[in-house]
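Residue numbers (the numbering used here): 220 to 397.
These are calculated hints, taken from the structure and not from any lab test. Warning: the hint list may mix true and false statements.
[Unchecked claim] Under the rule of at most 30 Å between Cα atoms (straight-line distance), these lysine-lysine pairs were calculated in the DSBU-like manner: (1) Lys329 / Lys310; (2) Lys324 / Lys358; (3) Lys395 / Lys358; (4) Lys347 / Lys395; (5) Lys358 / Lys343; (6) Lys241 / Lys395; (7) Lys329 / Lys395; (8) Lys343 / Lys324; (9) Lys286 / Lys395; (10) Lys343 / Lys286; (11) Lys264 / Lys286; (12) Lys347 / Lys329; (13) Lys395 / Lys346; (14) Lys347 / Lys264; (15) Lys347 / Lys286; (16) Lys346 / Lys264; (17) Lys395 / Lys324; (18) Lys395 / Lys343; (19) Lys310 / Lys286; (20) Lys324 / Lys346; (21) Lys310 / Lys347; (22) Lys264 / Lys324; (23) Lys241 / Lys358; (24) Lys395 / Lys310; (25) Lys347 / Lys324; (26) Lys310 / Lys346; (27) Lys241 / Lys346; (28) Lys395 / Lys264; (29) Lys310 / Lys264; (30) Lys343 / Lys241; (31) Lys310 / Lys241; (32) Lys358 / Lys346.
Predicted, not measured: the structure shown is a model, and the values here were computed from it.
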Amino acid sequence: MPVKKTTSSKSVKTQSAKSSEKRYWLFKSEESCYSIDHLAAEPNKTTFWDGIRNYQARNMLRDDVQKGDLVFFYHSNTDPLAIAGTARVVKAGYADHTAFDPIEKHYDPKSNPDEPTWYMVDIKLVKKFPQPVTRTMLKEDPITANMMVLARGSRLSVQPVTQEEWDAVHRLAGVKAT
DNA sequence: GCCAACGTTGGC
DNA sequence: GCCAACGTTGGC
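Start from the sequences and build out the full structure, keeping to the hints where you can.
See the structure below:
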């Protein structure tokens, strides 16, 4: 599961919060660490996406990922690499409390509740695809071939996805787009 | 297991 | 503020 951080920037948050337009995202997780089956097994199939410790990803979680947005759940560092299904954002960015606790793996003493460095969102499983849409399939489709996740050296664990990509992946999965 | 790409740290 | 060293990510 990924990670995240903040300095203050209430202004930035206000600015992006005014957009009500639906957005799409791709969240990465190492399958052995936290898979879509883990999410499916959660109470209410809901979890908080904690542990993001990258500023670019943090900014998106804090400022851009809104309640109602839809998310691809991507399994990294596994075989097969694939989009395993979809989830919905059920709570927008708030402080990642795991950064405050020294026993946590992603503890960060620089973050504190008054001025949290890192943020997280809550997501709820929408559907696990009957068959995962593999990285190979994504490369072969003309639309999904341009997805950020396929770019060389792409390490961002939270990535924007376009509407066209959202629809194309569902076609590849053989399911109706949410 | 290898290694390229990327982000962060710290000396100067 | 530069940049080398280091650690991590993640595909292959």
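**Pair hint Lys395 and Lys358, alpha-carbon separation not exceeding 30 Å** = holds (21 Å)
**30 Å Cα cutoff - pair Lys395, Lys310** = Distance ~24 Å between Lys395 and Lys310 Cα, so the pair holds.
**Message:** Check the hint pairing Lys310 with Lys241 against an upper bound of 30 Å on the C-alpha distance.
**Reply:** holds (14 Å)
**Hinted pair Lys343 and Lys324, Cα distance within 30 Å** = Roughly 23 Å separates the two Cα atoms, so the pair holds.
**Message:** Need the status of pair Lys358, Lys343: alpha-carbon distance at most 30 Å?
**Reply:** holds (27 Å)
**Asked** Is it true that the CA of Lys241 sits at most 30 Å from the CA of Lys346?
**Response** Within the cut-off at roughly 18 Å; holds.
**Request:** Take the C-alpha atoms of Lys343 and Lys286, compute the straight-line distance between them, and say whether it is at most 30 Å.
**Result:** holds (11 Å)
**Prompt:** Hey, Lys347 versus Lys329, does the alpha-carbon distance stay inside 30 Å?
**Reply:** Given that 30 Å is the threshold and the Cα spacing comes to 37 Å, the pair is violated.
**Item:** Hinted pair Lys310 and Lys346, Cα distance within 30 Å
**Value:** The hint holds at about 18 Å.
**Asked** Does Lys324 pair with Lys346 here, judged by a C-alpha cut-off of 30 Å?
**Response** It holds: about 29 Å lies between the C-alpha atoms, which stays within 30 Å.
**Prompt:** Lys395 and Lys346: Cα distance at most 30 Å?
**Reply:** Given pair Lys395, Lys346 holds - Cα atoms ~11 Å apart, limit 30 Å.
**Prompt:** For the pair supplied as a hint, Lys286 and Lys395, is the alpha-carbon distance within the 30 Å limit?
**Reply:** Satisfied, since the Cα-Cα distance of roughly 21 Å is no more than 30 Å.
Checked against the numbered hints given earlier, the structure breaks hints 2, 7, 12 and 17 and satisfies all the rest.
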